[in-house]
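Chemist: Modelling step: build the complete structure from the supplied sequences, incorporating the hints.
Each step along the sequence shown adds one to the number in full-length UniProt numbering, with nothing skipped, and position 65 is 65.
By construction, these hints were calculated from the structure, which means they are not laboratory data. Using N, Cα and C, we set each Cβ at its ideal position, and we do this for glycine too. One thing to keep in mind: the hints can contain errors.
To be verified - Label pairs and their calculated CB-CB ranges: (1) Gly55 x Leu173: 31 to 37 Å; (2) His31 x Gly149: 46 to 52 Å; (3) Arg113 x Val69: 48 to 54 Å; (4) Met174 x Gly149: 22 to 28 Å; (5) Phe162 x Ser136: 22 to 28 Å; (6) Phe206 x Gly149: 53 to 59 Å; (7) Pro27 x Ile150: 44 to 50 Å; (8) Thr215 x Leu59: 40 to 46 Å; (9) Lys146 x Ile221: 43 to 49 Å; (10) Ala140 x Ala214: 37 to 43 Å; (11) Val76 x His156: 32 to 38 Å; (12) Ala212 x Gly95: 17 to 23 Å.
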Amino acid sequence: MTKNIDPRTVIIIAGILGSIAFLANKPLCAHVIFGFATLLALSCGSWRIALASAGFYLLAQLLSEAAWVLGGSASVAFVMLAYMTQKLLVLVLVGTFMSRTTTLEGIGAALARMKTPHVITVPLMVMFRFLPTIRSDIHALMDSLKTRGIIRTPLHFLVHPFQWIEIVAVPLLMRATRISDELAAAGLTRGLGMVKNPVSIYPLGFTVTDLALATAMMALIVATIWLQI
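Modeler: Written out as structure tokens, the structure is:
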């Protein structure tokens, strides 16, 4: 599946899927939702993330079952940990699906076409641009530390946690503050905060693929309601 899906479809599916993933509280319903999210990730070619998520999901489920069998005061904590892990894995798969099927320009055009308020659009666009930027800065910082011989193994900062705070956490926090200000200023300069919606050159249009995804999403919603009853 390539980036020929309308961004509006991607946004709506991601929002609905993320919402029902956290609202569903029955195991079978949660398994169905995770399976649907896994299929979305596989359809856009993210098989490694899909398989890794499936492995962690299975591990969390086994941990939950073992905690119930063993019992004890710690069993509730393990069950809740496994429960939240399964929910977060769905969000990971949904985020992967969004990143593979649309672009930041597409998301911006879709939000503008949907008449989304600017108090929602501006923070979202800043957040979407912030994450890749800070990730590249983290990689550059770690490469620099390895080149200078400050760290030699990934476990270095586990042995020296205060050094991690000094040479990684504090610089990244300062950089994150500056990046957020720069991205907000750049977005406003490009007209992201205009009262009237700017003209977008990004092509938007629903296709057969959008219809198929919408139909599958409706089927999932019906199945979720039926399983929750």
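Chemist: Now, for every hint given, state plainly whether the structure supports it.
Modeler: Hint check results:
no.: 1; hint: Gly55 x Leu173: 31 to 37 Å; result: holds (32 Å)
no.: 2; hint: His31 x Gly149: 46 to 52 Å; result: holds (47 Å)
no.: 3; hint: Arg113 x Val69: 48 to 54 Å; result: holds (52 Å)
no.: 4; hint: Met174 x Gly149: 22 to 28 Å; result: holds (24 Å)
no.: 5; hint: Phe162 x Ser136: 22 to 28 Å; result: holds (26 Å)
no.: 6; hint: Phe206 x Gly149: 53 to 59 Å; result: holds (55 Å)
no.: 7; hint: Pro27 x Ile150: 44 to 50 Å; result: holds (46 Å)
no.: 8; hint: Thr215 x Leu59: 40 to 46 Å; result: violated (32 Å)
no.: 9; hint: Lys146 x Ile221: 43 to 49 Å; result: holds (48 Å)
no.: 10; hint: Ala140 x Ala214: 37 to 43 Å; result: holds (41 Å)
no.: 11; hint: Val76 x His156: 32 to 38 Å; result: holds (35 Å)
no.: 12; hint: Ala212 x Gly95: 17 to 23 Å; result: holds (21 Å)
Taken one by one, the earlier hints fail for this structure only at number 8.
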